[in-house]
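Work the whole structure out from these sequences, hints included.
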Amino acid sequence: MFEIKNLKASLEDEDKQILKGLDLKVGAGEVHAIMGPNGSGKSTMSYVVSGKGGYVVDEGEVLLDGVDLLEMEPDERAAAGLFLAFQYPVEIPGVGNMTFLRTAVNSQRKARGEEELNAAQFLKLVREKAKSLKIDADMLKRPVNVGFSGGEKKRNEILQMAMLEPKMCILDETDSGLDVDAMKLVAEGVNVLRDGKRSFLVITHYQRLLDHIKPDVVHIMADGKIIKSGGPELALEVENHGYAGLLGEVA
Amino acid sequence: MGELQHENATEALLTRHGAPRPASDWAENARRAARARMLALGAAGRRDEYWRYTNPAVLNAPEAPEAEILQLDEAPVFDGFDKLLITFVDGVYQPDLSDDLSGEGLEVSLLDEALDMDIHWAGELFGVLEAKGQHPVPRPFAALNTALAGQGVVIRATGKVSRPVALRYCRSELRSDVLIHHVIRVEAGAELTILENGAGAARLNTCMEVDVAEGGSFHHLRAQGRDHARLANTHIFARLGAESHFKSFTLTVNGALTRNEVVIDINGDNTKASVAGASLGDGDFLHDDTIFITHDAQGCESRQVFKKVLKNGATGVFQGKILVQPDAQKTDGYQISQALLMDDDSNFLAKPELEIYADDVACSHGSTCGAVDENALFYLMSRGVPRSEAQNMMIIAFLDEAIQEIENQAMADDIRSRLIGWAERHSA
Numbered sequence: 001m002f003e004i005k006n007l008k009a010s011l012e013d014e015d016k017q018i019l020k021g022l023d024l025k026v027g028a029g030e031v032h033a034i035m036g037p038n039g040s041g042k043s044t045m046s047y048v049v050s051g052k053g054g055y056v057v058d059e060g061e062v063l064l065d066g067v068d069l070l071e072m073e074p075d076e077r078a079a080a081g082l083f084l085a086f087q088y089p090v091e092i093p094g095v096g097n098m099t100f101l102r103t104a105v106n107s108q109r110k111a112r113g114e115e116e117l118n119a120a121q122f123l124k125l126v127r128e129k130a131k132s133l134k135i136d137a138d139m140l141k142r143p144v145n146v147g148f149s150g151g152e153k154k155r156n157e158i159l160q161m162a163m164l165e166p167k168m169c170i171l172d173e174t175d176s177g178l179d180v181d182a183m184k185l186v187a188e189g190v191n192v193l194r195d196g197k198r199s200f201l202v203i204t205h206y207q208r209l210l211d212h213i214k215p216d217v218v219h220i221m222a223d224g225k226i227i228k229s230g231g232p233e234l235a236l237e238v239e240n241h242g243y244a245g246l247l248g249e250v251a
Numbered sequence: 001m002g003e004l005q006h007e008n009a010t011e012a013l014l015t016r017h018g019a020p021r022p023a024s025d026w027a028e029n030a031r032r033a034a035r036a037r038m039l040a041l042g043a044a045g046r047r048d049e050y051w052r053y054t055n056p057a058v059l060n061a062p063e064a065p066e067a068e069i070l071q072l073d074e075a076p077v078f079d080g081f082d083k084l085l086i087t088f089v090d091g092v093y094q095p096d097l098s099d100d101l102s103g104e105g106l107e108v109s110l111l112d113e114a115l116d117m118d119i120h121w122a123g124e125l126f127g128v129l130e131a132k133g134q135h136p137v138p139r140p141f142a143a144l145n146t147a148l149a150g151q152g153v154v155i156r157a158t159g160k161v162s163r164p165v166a167l168r169y170c171r172s173e174l175r176s177d178v179l180i181h182h183v184i185r186v187e188a189g190a191e192l193t194i195l196e197n198g199a200g201a202a203r204l205n206t207c208m209e210v211d212v213a214e215g216g217s218f219h220h221l222r223a224q225g226r227d228h229a230r231l232a233n234t235h236i237f238a239r240l241g242a243e244s245h246f247k248s249f250t251l252t253v254n255g256a257l258t259r260n261e262v263v264i265d266i267n268g269d270n271t272k273a274s275v276a277g278a279s280l281g282d283g284d285f286l287h288d289d290t291i292f293i294t295h296d297a298q299g300c301e302s303r304q305v306f307k308k309v310l311k312n313g314a315t316g317v318f319q320g321k322i323l324v325q326p327d328a329q330k331t332d333g334y335q336i337s338q339a340l341l342m343d344d345d346s347n348f349l350a351k352p353e354l355e356i357y358a359d360d361v362a363c364s365h366g367s368t369c370g371a372v373d374e375n376a377l378f379y380l381m382s383r384g385v386p387r388s389e390a391q392n393m394m395i396i397a398f399l400d401e402a403i404q405e406i407e408n409q410a411m412a413d414d415i416r417s418r419l420i421g422w423a424e425r426h427s428a
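For the record, the sequence lines run as chains V and U. For the first sequence, the working numbering begins at 1 and goes up steadily by one. For the second sequence, the working numbering begins at 1 and goes up steadily by one.
These are calculated hints, taken from the structure and not from any lab test. Treat the numbers as computed from the prediction; the structure is a model and nothing was measured. Hints are not guaranteed to be accurate.
[Claimed, not checked] Beyond 12 angstroms from chain V on every Cβ pair, some chain U residues (computed):
1. 25
2. 93
3. 151
4. 228
5. 332
6. 347
7. 382
8. 383
[What the hints assert, rightly or not] FRET-style restraints, in silico, Cβ to Cβ:
9. U:74 to V:116: 18 to 24 angstroms
10. V:232 to U:372: 39 to 45 angstroms
11. V:38 to U:374: 21 to 27 angstroms
Heads up, the beta-carbon is just placed ideally off N, CA and C, and yes, glycines get one too.
What follows is the structure, encoded as structure tokens:
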């Protein structure tokens, strides 16, 4: 369903390779987690997959339902069904959250040849989804992420995910900066979207998030590659003993 | 330029427009005084401090350039609003394209008629506010305007005027060279909205003298047409009494050269003034906002909010000054000028100035220029918004602080829709 094959990528401005042959396969409906020490390339992976500028793909493929995403613009990747929940959601003063959401939803529908939602249809949908994430009308009216607390920003990411209904969701440290209650709320938002077909790749430093979003597979990433994969117990091992042992095993 | 040459250039300006219809003595005296002022000031030159960024050569040239007349593919700005419409074509009033010149709480007459009558209040304003606005910064094209303009309106608001007065400036000639002069008095407690729309001429020089009495309220909204090659040098001279409100907003899209000068004297306590503008240029475009606000009373607030979107070699200029006189305590002054540069070929030249002689004031100013935020662009695109649309969203968002200065929300939305139209037409 979603597959990264031997992905090698470097920073555009420096001659420095960050991803060094990354392989990963997430089946339909599965939840995978990626853990790894700082600087192992987790966020870079999420940016390269979603098409952020500043990186050069040296080798490899990223396939979503057999279609290579790497040749596409970021908006085309989104329309193909990819979603990245940002570690640091961007503030955009002057752009209303609602306007942004509606433009995004309808751009994707248009790109896929589907009928666009009218104002009433959209409003009904967004109210329904926002309610379960405890996002009030005021947050919807405000400019995108401007003046939002850390928790509000992350909930707003999940709202976008719920509205856009992607096939493949990458969550980049969605738990960072969240208190326990906020994390539960976000995790519930994600769990609601688990429908047996939609796939998730959860990047995190902490096992705690995985108590709430239960993964099928846990990968350990180091130095631009997956060095070990296993069940949820792998996350517990990291939590209890850190990465030293795992890194040692590979070396 | 030698002194003699300079004098000749000034003389040449004073003869190029032809004489206006003769008026009564007081008006002719005012015109003669303006002519003398013009000769004393001399023509604007590159060496003048406030013309360093904008070359006045095309404004000084004997003839206006040929400027193609744009056929609009949309309804004129402010078309959908109830208004008292006054139309000028190539700077000449058109009775058949204008409404009856009357309204509740309103006295309207044409400039040439008013100058031929003995209207006491107009005599105290015509050329008077302009003359006062010549110091410390000379504005020779404004003196030229007073000396020679024969067209325009003279408006007195005596109550709350609910219908805006809309001045529409149309064009029929390719090289029209036009002077328009308006004199406006808003009486104590009265309210007036003036709308201006259209390019008006190949080379347009307007001068609006506005006197707002105690507790009066004046709103001004302007859209300067979309003709690409036209030149414009506009002036607003305002004098504000105690507890009055003044708001002026200008939308400028296209135009080879636009220089908008606004001079405001705040004379009464607890007054609020706002001058704002959004300008968008692609290619052969120079837009200059030259603003001078003097605080000469206590507890007053002034705002200058100017935003420019520039691409393909367009140039933006901002020269904004806040002068706070010694007695103007508790002044709250705000000034922001920002440019969004869509490429490396475009330029923004800004000269923000604060001159403060009172010790208990809050004045803030900022000026920035930069490219579209790539992180924000990526964020929008990662949600499925195509690049050009995402870029347009960023442009509109950038301009919105200036649009928010507009009092009337429906009119602000009309302006917003024009911005979107421009952004879409000029998407890369």
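Against the structure, the hints come out as follows:
1. 25: 54 angstroms, holds
2. 93: 40 angstroms, holds
3. 151: Consistent with the label, residue 151 (chain U) stays out of reach of chain V, its closest Cβ about 39 angstroms off (over 12 angstroms).
4. 228: 27 angstroms, holds
5. 332: 22 angstroms, holds
6. 347: Residue 347 (chain U) clear of chain V: closest Cβ-Cβ about 23 angstroms, beyond 12 angstroms.
7. 382: Given that some Cβ of chain V is not farther than 12 angstroms from that of residue 382 (chain U), nearest at about 5 angstroms, it is violated.
8. 383: 4 angstroms, violated
9. U:74 to V:116: 18 to 24 angstroms: 23 angstroms, holds
10. V:232 to U:372: 39 to 45 angstroms: Given range 39 to 45 angstroms: holds, Cβ gap about 43 angstroms.
11. V:38 to U:374: 21 to 27 angstroms: Distance hint for residue 38 (chain V), residue 374 (chain U) holds at roughly 24 angstroms.
Violated hints for the displayed structure, listed by number in ascending order: 7 and 8.
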